[in-house]
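Model the full assembly from the supplied sequences, consistent with the hints where possible.
One line per chain: the protein sequences are A and B, in this order. Residues in the first sequence are numbered consecutively from 1, following the numbering used here. Residues in the second sequence are numbered consecutively from 1, following the numbering used here.
It is worth saying that the hints were derived from the structure and are not from the lab. Mixed in with the good hints there might be a few duds.
All copies of an identical chain are treated as equivalent in the list; a pair is satisfied when it fits inside any one copy or across any two copies.
As the list claims (entries may be wrong) - In silico lysine to any residue, SDA-like type, Cα no more than 25 Å apart, as pairs:
#, residue 1, residue 2
1, 64, 356
2, 50, 478
3, 242, 284
4, 50, 83
5, 196, 221
6, 221, 184
7, 355, 491
8, 242, 252
9, 221, 188
10, 64, 477
11, 355, 470
12, 506, 27
13, 336, 358
2 protein chains.
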Amino acid sequence: MGSLKLDHPQENNSNSSPMEMTSALDPVEFRRQGHMMVDFIADYYQNIDKYPVLSQVDPGYLRKRLPESAPDNPEPIETILQDVQEHIVPGLTHWQSPSFFAYFASNVSIAGFLGEMLSTGFNVVGFSWVASPAATELESIVMDWLGNLLRLPKSFLFSGNGGGVIHGSTCEAIVCTMAASRDQMLSRIGGDNIGKLVVYGSDQTHSALQKASQIVGINPKNFRAIEATRSTTFALSPESLKLAISSDIEAGLVPLFLCATVGTTATTAVDPLGPLCDVAKLHGMWVHVDAAYAGSACICPEFRHFIDGIEGVDSFSFNAHKWFFTGLDCCCLWVKNPGALTSSLSANPEFLRNKPTDSKQVVDYKDWQIALSRRFRAMKLWLVLRSYGVVNLRNFLRSHVKMAKLFEGLVAMDQRFEIVVPRNFSMVCFRVSPWVATSKGTPTTPTSNSFHQNGIENNVEKCTNEVNCKLLEAINASGHVFMTHAVVGGMYVIRCAVGVTLTEEKHIAMAWKVVQEHADVILKNHGDDGDAKLKLPLLDKIA
Amino acid sequence: MGSLKLDHPQENNSNSSPMEMTSALDPVEFRRQGHMMVDFIADYYQNIDKYPVLSQVDPGYLRKRLPESAPDNPEPIETILQDVQEHIVPGLTHWQSPSFFAYFASNVSIAGFLGEMLSTGFNVVGFSWVASPAATELESIVMDWLGNLLRLPKSFLFSGNGGGVIHGSTCEAIVCTMAASRDQMLSRIGGDNIGKLVVYGSDQTHSALQKASQIVGINPKNFRAIEATRSTTFALSPESLKLAISSDIEAGLVPLFLCATVGTTATTAVDPLGPLCDVAKLHGMWVHVDAAYAGSACICPEFRHFIDGIEGVDSFSFNAHKWFFTGLDCCCLWVKNPGALTSSLSANPEFLRNKPTDSKQVVDYKDWQIALSRRFRAMKLWLVLRSYGVVNLRNFLRSHVKMAKLFEGLVAMDQRFEIVVPRNFSMVCFRVSPWVATSKGTPTTPTSNSFHQNGIENNVEKCTNEVNCKLLEAINASGHVFMTHAVVGGMYVIRCAVGVTLTEEKHIAMAWKVVQEHADVILKNHGDDGDAKLKLPLLDKIA
Numbered sequence: 001m002g003s004l005k006l007d008h009p010q011e012n013n014s015n016s017s018p019m020e021m022t023s024a025l026d027p028v029e030f031r032r033q034g035h036m037m038v039d040f041i042a043d044y045y046q047n048i049d050k051y052p053v054l055s056q057v058d059p060g061y062l063r064k065r066l067p068e069s070a071p072d073n074p075e076p077i078e079t080i081l082q083d084v085q086e087h088i089v090p091g092l093t094h095w096q097s098p099s100f101f102a103y104f105a106s107n108v109s110i111a112g113f114l115g116e117m118l119s120t121g122f123n124v125v126g127f128s129w130v131a132s133p134a135a136t137e138l139e140s141i142v143m144d145w146l147g148n149l150l151r152l153p154k155s156f157l158f159s160g161n162g163g164g165v166i167h168g169s170t171c172e173a174i175v176c177t178m179a180a181s182r183d184q185m186l187s188r189i190g191g192d193n194i195g196k197l198v199v200y201g202s203d204q205t206h207s208a209l210q211k212a213s214q215i216v217g218i219n220p221k222n223f224r225a226i227e228a229t230r231s232t233t234f235a236l237s238p239e240s241l242k243l244a245i246s247s248d249i250e251a252g253l254v255p256l257f258l259c260a261t262v263g264t265t266a267t268t269a270v271d272p273l274g275p276l277c278d279v280a281k282l283h284g285m286w287v288h289v290d291a292a293y294a295g296s297a298c299i300c301p302e303f304r305h306f307i308d309g310i311e312g313v314d315s316f317s318f319n320a321h322k323w324f325f326t327g328l329d330c331c332c333l334w335v336k337n338p339g340a341l342t343s344s345l346s347a348n349p350e351f352l353r354n355k356p357t358d359s360k361q362v363v364d365y366k367d368w369q370i371a372l373s374r375r376f377r378a379m380k381l382w383l384v385l386r387s388y389g390v391v392n393l394r395n396f397l398r399s400h401v402k403m404a405k406l407f408e409g410l411v412a413m414d415q416r417f418e419i420v421v422p423r424n425f426s427m428v429c430f431r432v433s434p435w436v437a438t439s440k441g442t443p444t445t446p447t448s449n450s451f452h453q454n455g456i457e458n459n460v461e462k463c464t465n466e467v468n469c470k471l472l473e474a475i476n477a478s479g480h481v482f483m484t485h486a487v488v489g490g491m492y493v494i495r496c497a498v499g500v501t502l503t504e505e506k507h508i509a510m511a512w513k514v515v516q517e518h519a520d521v522i523l524k525n526h527g528d529d530g531d532a533k534l535k536l537p538l539l540d541k542i543a
Numbered sequence: 001m002g003s004l005k006l007d008h009p010q011e012n013n014s015n016s017s018p019m020e021m022t023s024a025l026d027p028v029e030f031r032r033q034g035h036m037m038v039d040f041i042a043d044y045y046q047n048i049d050k051y052p053v054l055s056q057v058d059p060g061y062l063r064k065r066l067p068e069s070a071p072d073n074p075e076p077i078e079t080i081l082q083d084v085q086e087h088i089v090p091g092l093t094h095w096q097s098p099s100f101f102a103y104f105a106s107n108v109s110i111a112g113f114l115g116e117m118l119s120t121g122f123n124v125v126g127f128s129w130v131a132s133p134a135a136t137e138l139e140s141i142v143m144d145w146l147g148n149l150l151r152l153p154k155s156f157l158f159s160g161n162g163g164g165v166i167h168g169s170t171c172e173a174i175v176c177t178m179a180a181s182r183d184q185m186l187s188r189i190g191g192d193n194i195g196k197l198v199v200y201g202s203d204q205t206h207s208a209l210q211k212a213s214q215i216v217g218i219n220p221k222n223f224r225a226i227e228a229t230r231s232t233t234f235a236l237s238p239e240s241l242k243l244a245i246s247s248d249i250e251a252g253l254v255p256l257f258l259c260a261t262v263g264t265t266a267t268t269a270v271d272p273l274g275p276l277c278d279v280a281k282l283h284g285m286w287v288h289v290d291a292a293y294a295g296s297a298c299i300c301p302e303f304r305h306f307i308d309g310i311e312g313v314d315s316f317s318f319n320a321h322k323w324f325f326t327g328l329d330c331c332c333l334w335v336k337n338p339g340a341l342t343s344s345l346s347a348n349p350e351f352l353r354n355k356p357t358d359s360k361q362v363v364d365y366k367d368w369q370i371a372l373s374r375r376f377r378a379m380k381l382w383l384v385l386r387s388y389g390v391v392n393l394r395n396f397l398r399s400h401v402k403m404a405k406l407f408e409g410l411v412a413m414d415q416r417f418e419i420v421v422p423r424n425f426s427m428v429c430f431r432v433s434p435w436v437a438t439s440k441g442t443p444t445t446p447t448s449n450s451f452h453q454n455g456i457e458n459n460v461e462k463c464t465n466e467v468n469c470k471l472l473e474a475i476n477a478s479g480h481v482f483m484t485h486a487v488v489g490g491m492y493v494i495r496c497a498v499g500v501t502l503t504e505e506k507h508i509a510m511a512w513k514v515v516q517e518h519a520d521v522i523l524k525n526h527g528d529d530g531d532a533k534l535k536l537p538l539l540d541k542i543a
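Pasting the structure below:
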């Protein structure tokens with residue numbers, strides 16, 4: 001052990017002489033390569049709309065192009081950057097492309113990027129206050145700033161004995177709050193009763209809830225995904241929650257945790273926080289609000305009403321890395337009772353003991369999260385807030401909403417298409433209706449037409465879904481845009497989620513043109529099957 | 001909803017005109033600010049040894065300096081950087097300082113930094129293969145590269161039906177593997193038996209194990225931290241494990257999970273993997289190896305023996321962000337049976353459905369981790385491996401070990417000090433022995449001296465611990481170096497952990513000088529209490 005390089009002369013068989021370790025962080029070389037990388041990335045943004053948005057490579061493409069093992073000797077940054085350009089870029093799906101409308105965006109900005117650079121450069125590990133006071137204190141401060149912008153009740157801020165913390169993801173935020181609620185409940189009903197605890201969401205709740213529930217040891221039989229229907233625009237009905245809870249209590253189970261969503265993934269539906277809390281609080285449940293995507297919008301006064309009722313919940317999270325320009329990862333979580341979190345998640349090994357912690361005058365964020373290590377994520381949030389200011393940030397968000405509205409208007413003008421649910425934020429759910437599309441008469445809609453009154457209805461839906469699935473595949477294969485889908489109430493819908501920093505109105509117009517052109521082709525091909533079946537072109541095929 | 005900026009003229013009350021959103025990622029401005037930031041960080045590294053290593057601020061310092069709320073209007077990057085310099089830097093504990101010897105290092109390098117820049121710049125979210133094929137494929141490839149460098153058995157590589165994944169932290173790696181083992185076990189013994197499962201480690205195991213166990217719902221009563229003593233140099237004894245398991249089985253409990261450590265936090269002790277597996281495997285337990293710090297060294301042939309026996313375990317993790325130059329965060333985890341992980345952690349909501357996933361020809365890393373979102377961490381690992389090459393990386397690690405050896409030699413030459421445990425890697429555990437220090441006769445050691453044979457022994461230990469605690473405080477308050485402590489076998493020891501990229505031999509020499517100077521003062525003060533009590537200067541005080 002402890003051998004030196006001279007003991008291993010067989011390895012120094014290259015022409016290059018061995019490097020000094022300190023040169024791996026030599027400031028002069030850092031500067032040279034750093035500038036080169038800034039230019040590389042600036043060029044990437046400059047050219048980003050030239051790449052297919054959705055990567056067109058086949059599975060396994062990269063293993064064919066890269067060597068089988070790590071190189072023995074150093075390679076210059078120039079060679080590496082060339083490989084990035086030739087081998088990595090083609091395999092990227094370009095999340096920062098202005099024509100990326102898939103999933104929800106994960107947008108970045110100059111300020112977010114610079115904040116990440118600072119955080120990486122300092123590379124402090126702020127698990128305890130003492131391990132880097134600035135990291136902890138800046139996080140507490142920006143979380144209070146942001147909480148105020150969202151007009152969260154004071155009970156969620158440090159000044160009101162609550163507090164905020166930055167996690168990596170919503171799933172982590174739910175794991176931590178659910179573990180806290182579980183341990184609180186078990187201390188009341190006895191530690192052996194974990195098998196009785198029940199977790200609730202709707203069938204529109206993000207899969208993070210089920211995963212978190214699985215991770216913290218809730219019996220999978222006790223996870224409730226309550227159906228949310230078109231009648232409530234896919235929001236969770238308090239009445240349904242009440243029924244589910246009653247039935248569980250009758251069965252001897254213990255309601256534990258409700259996750260309400262503001263802005264569901266499929267359709268941006270908004271669960272009614274106040275009425276849901278009224279139900280949940282009767283049973284001493286923990287209520288968490290997942291506003292992963294839509295939370296950002298709530299800094300605009302005109303959107304704030306979507307989180308009305310927030311005063312009744314226990315915890316609230318949103319992902320600044322989705323729609324708040326920080327880049328991955330930055331999930332902002334506030335809790336009313338940090339003590340519940342820390343009593344579940346604290347670990348105080350001797351090697352971390354220190355006077356400030358013992359004094360109880362400081363926050364040690366290690367006890368608010370899963371990991372011990374933590375990155376200095378507050379830096380990018382601070383830079384975003386300062387570089388743009390609240391006025392511009394609100395306008396950025398409004399600008400995305402405006403573009404979604406524009407897209408919605410374009411869809412609405414084409415009678416072959418249908419807007420499936422009312423738009424709440426910057427996402428439009430739509431679909432083409434093929435029986436309408438190929439009809440030469442007055443357009444009919446699936447909810448009003450007579451097919452619904454007989455057995456043919458299911459076939460109509462199935463055929464509509466298939467056409468929309470094909471349409472989406474064709475759009476994405478074009479490389480011009482990338483959108484994704486959802487299935488709600490049995491309907492396959494295409495989602496156009498606006499949220500990338502570089503998106504402009506021209507990209508919206510282009511995206512719509514791509515959708516229309518591919519719809520033309522697909523519907524024409526179906527129509528060509530035979531004039532007599534114009535109104536239901538695919539029925540033959542299905543039957 | 002969907003209002004435009006013109007609807008809110010009251011907010012545009014500043015002199016600055018509102019920004020276009022796209023300017024937040026304008027390539028020209030990106031370049032300008034990016035270059036500025038590279039220079040800022042290069043300057044930081046250039047001046048880093050001028051700052052006190054451990055931040056000297058008081059709790060609450062930053063709230064006094066920053067405004068109470070986020071600014072309405074944008075601020076220029078120049079102002080922000082000035083604030084970073086004036087208000088953030090003093091509150092940092094400088095983890096990249098060459099005189100940082102605390103905890104374990106979390107070292108960064110130019111390549112790691114550039115990799116993070118690329119990852120942040122692309123900002124792809126590689127939850128599924130299709131969401132960015134390059135992110136998934138590069139990760140699988142570098143994890144195979146690294147697995148080969150560590151000479152992991154083929155069963156841990158993708159080519160052998162195992163595989164590697166990059167997590168954010170060891171705690172996450174343990175949560176995921178423990179959840180997998182839990183669900184495997186519950187499917188055998190029945191889902192209602194979670195309360196019977198038992199988790200094992202030693203009392204030297206990182207607190208991440210207890211936290212993970214708590215998170216996944218293991219009854220806290222069923223967590224075993226088996227005592228590891230100086231007789232095994234603080235490694236977990238297979239015999240003790242056997243006894244603990246037997247007693248649990250007798251009590252009707254079910255042994256589930258063992259975490260063995262290669263390189264414990266307190267003293268870098270190494271648990272004997274082979275013999276521990278022999279015990280654990282008799283009971284069908286999952287064995288995880290946490291080599292968070294020391295795993296990196298195992299790419300050097302002369303250190304590889306520390307993970308002998310790895311073929312018997314189920315999962316293995318180490319933190320490239322500690323001692324492999326990537327910067328935070330990069331925890332490399334390999335598992336033999338990815339199916340166990342994915343069957344616990346899979347969530348397949350409709351909105352993520354896609355053809356490559358359905359074809360089962362691709363890896364979807366979302367099912368290997370807690371969160372859905374994931375950063376492109378493989379990029380920095382790839383850049384580190386390529387920029388330095390294996391030969392240099394090995395030499396970097398050896399160079400740290402050599403410096404630790406140098407420090408160890410300096411300590412050994414000063415008879416007032418004691419090396420507490422044999423050094424395995426790049427960390428030295430030492431302490432001052434005050435009764436020896438002030439003795440004018442032949443030095444005696446606490447294990448050999450006669451005090452141990454009478455009741456005075458505890459007082460001697462307590463006084464020694466107090467002196468070392470004071471010494472460490474004095475060293476750290478100097479700002480010249482930062483070291484931390486551990487308590488093992490009742491002894492308070494000072495840890496000097498070498499691992500920062502910028503550390504050179506001169507910093508080791510300086511660190512030792514700082515230790516000696518402060519020891520001189522502290523021991524002199526104690527000695528001055530009275531000549532008659534030279535051998536036990538603090539006993540009076542304690543008695």
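To see whether the hints hold, each was checked on the structure:
In this assembly of identical chains, the alpha carbons of residue 64 and residue 356 lie at most 25 Å apart only when taken from different copies (18 Å versus 53 Å within one copy). Taking the shortest Cα distances, residue 50 and residue 478 sit within 25 Å of each other inside one copy (12 Å), while across copies they are farther apart (56 Å). For the identical chains of this complex, residue 242 and residue 284 are intra-copy neighbours only, at 13 Å inside a copy versus 43 Å across copies, given an alpha-carbon limit of 25 Å. Taking the shortest alpha-carbon separations for residue 50 and residue 83, only the intra-copy value of 18 Å comes in at or below 25 Å, while the best inter-copy value is 38 Å.
With identical chains, the CA atoms of residue 196 and residue 221 are at most 25 Å apart both within one copy (10 Å) and between copies (19 Å). Taking identical chains as interchangeable, the C-alpha atoms of residue 221 and residue 184 lie at most 25 Å apart whether they share a chain (21 Å) or sit on different chains (16 Å). Taking the closest pair of Cα atoms, residue 355 and residue 491 come within 25 Å of each other only across two copies (19 Å); inside a single copy the shortest separation is 59 Å, beyond that limit. Taking the shortest Cα distances, residue 242 and residue 252 sit within 25 Å of each other inside one copy (15 Å), while across copies they are farther apart (39 Å).
Both within a single protomer and between protomers do residue 221 and residue 188 lie at most 25 Å apart by alpha-carbon distance, with minima of 22 Å and 16 Å respectively. Taking identical chains as interchangeable, the C-alpha atoms of residue 64 and residue 477 lie at most 25 Å apart only when both belong to the same chain, with a minimum of 23 Å there against 55 Å between chains. Taking the shortest alpha-carbon separations for residue 355 and residue 470, only the inter-copy value of 12 Å comes in at or below 25 Å, while the best intra-copy value is 63 Å. In this homomeric assembly, residue 506 and residue 27 come within 25 Å of each other (Cα to Cα) only across copies, at 18 Å, whereas the closest approach inside a single copy is 43 Å.
In this assembly of identical chains, the alpha carbons of residue 336 and residue 358 lie at most 25 Å apart only when taken from the same copy (23 Å versus 42 Å across copies).
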